[in-house]
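2 protein chains.
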Amino acid sequence: MKDKPLILITNDDGVDAKGIKELTGCLRDLGEMIVFAPDGPRSGMSGAITSLIPVKYSLIKKETGLTVYSCNGTPVDCVKLALNDILDRKPDLIVSGINHGGNMAICVHYSGTIGAAIEGCILGVPSIGISLTSHDKNADFSECCRLGRKLARRILKEGLPDGTYLNLNVPEIQEVKGIQVCHQTSGRFVNEYMRSENASGEPVYWLTGSFRNSSPLQSGDDVLALDSGYASLVPCKIDVTDYDFMQNLNQLIKD
Amino acid sequence: MKDKPLILITNDDGVDAKGIKELTGCLRDLGEMIVFAPDGPRSGMSGAITSLIPVKYSLIKKETGLTVYSCNGTPVDCVKLALNDILDRKPDLIVSGINHGGNMAICVHYSGTIGAAIEGCILGVPSIGISLTSHDKNADFSECCRLGRKLARRILKEGLPDGTYLNLNVPEIQEVKGIQVCHQTSGRFVNEYMRSENASGEPVYWLTGSFRNSSPLQSGDDVLALDSGYASLVPCKIDVTDYDFMQNLNQLIKD
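From first to last, the protein sequence lines stand for chains A and B. In terms of this note's numbering, the first sequence has 88 at position 88, counting the first letter as 1, and numbering is strictly consecutive. In terms of this note's numbering, the second sequence has 247 at position 247, counting the first letter as 1, and numbering is strictly consecutive.
Hints are supplied without guarantee of correctness; some may be wrong.
Claimed, not checked - Selected chain A positions facing chain B (Cβ under 10 Å, derived; list incomplete):
{"id": "1", "residue": "30"}
{"id": "2", "residue": "31"}
{"id": "3", "residue": "47"}
{"id": "4", "residue": "51"}
{"id": "5", "residue": "58"}
{"id": "6", "residue": "60"}
{"id": "7", "residue": "81"}
{"id": "8", "residue": "142"}
{"id": "9", "residue": "244"}
If you're looking for bench data, these hints aren't it; they were derived computationally from the structure. Glycine residues also receive a C-beta, built at the ideal position from the N, C-alpha and C atoms.
If we strip away everything but chain A, and leave its shape as in the complex, we get:
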């Protein structure tokens, strides 16, 4: 008899966040679930790894079809440690999320949710990052769960190409119109710091800012899909080489 699919769940908001609990609940009947997630918030940790101190983990809960671990590391550490030390076979799917807050456009470069999906992909497992465009601790994840579950089922059946992971973002609205396959919107954050003072009167800087797209939004931009009431699904590559520029770069460095 074929084993049930093995699904690894992680996130960057911590093992107690509503998003990861909702995700675990909605995927639970699709396979054997292992939750291995940070012991607290790790938002904005990107692909960070912990090397200067050791990492450790502890078992939180074990019941039929669901085992939950908590880890003191980053989202990437969680994926690495689960695959190196916990799982007796390679998972069939890694889902990271559901993140409290969108990871569209260039947020892929900062997001711990996506960091975990990248790591899963590097380790050869079909991997998805799922985010809801709301930072509310008690956000409504129902549409996000519906679409995330649909996507997870398809990927369990069809797989993904080597070196490609998925970035799903879902708007927090009552009825999402569907999933649109998109590309990453080009842009940057502006006005990124709020200046304040610490108790000693020294200036300190809190990260804030708002996203500004580099050119008017066009069809295919993930940000436009979200603004239009769709979930955006961006396939992303581990290989970030700019192949188109290689020849010109050769000219540029010539003696």
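Could you slot chain B onto chain A? The hints should help.
Below, chain B alone, put in the same frame as chain A:
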């Protein structure tokens, strides 16, 4: 009179590392230098940003043509804070490094050195990450400086395409044969943890491991160039969308 080029230097080994000092020294006559770097080691911080606590910085040194700041944040925080709060104009170049340790192949996804270069690129500045394939605190950076300086001069003159940054890795050998434009080698780390115990007898895990390429090295792989005595130069993209897979993904999620 045209201003001298403004060059921002950062790294992930901290403002006191040999690598950043050697880099600053060898680029110094090319422009006005601002060093804005972490106050200690931030290796493996990838594109991490600090949002749960505030960041702050302090002036370390100011002399003709060179100003040095130290910051409690990540490499990305350093780039963001320098551009948002310190510099009165956009720099002409950002150089991150010289890292103590190579950032070839998939290390782009973990490296704080590269995180800073990505951030510079997002903010619209030609950006380069430079790494030496030695973790030795007292490594010999002379060949790395020679090639890094050559590259920096070219980029100051020619610029880079929007959305593309450079990843230069240099082997620590007496005479590097030159720079080869390469692509990112595909692979992963294996045997990633050394298990140990803390003082309470609990198991803890130290990150370690060795790189294994997914297929035999071929011409154009950055790892092969380094093994052959060349410096590898990989142009990398901010837009990580897998455009080739978009159509198939559309089929895959169809109802």
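To see whether the hints hold, each was checked on the structure:
| no. | hint | in the structure |
| --- | --- | --- |
| 1 | 30 | 16 Å, violated |
| 2 | 31 | 19 Å, violated |
| 3 | 47 | 4 Å, holds |
| 4 | 51 | 5 Å, holds |
| 5 | 58 | 9 Å, holds |
| 6 | 60 | 15 Å, violated |
| 7 | 81 | 6 Å, holds |
| 8 | 142 | 19 Å, violated |
| 9 | 244 | 9 Å, holds |
The structure does not agree with the numbered hints 1, 2, 6 and 8 stated previously, though it agrees with the rest.
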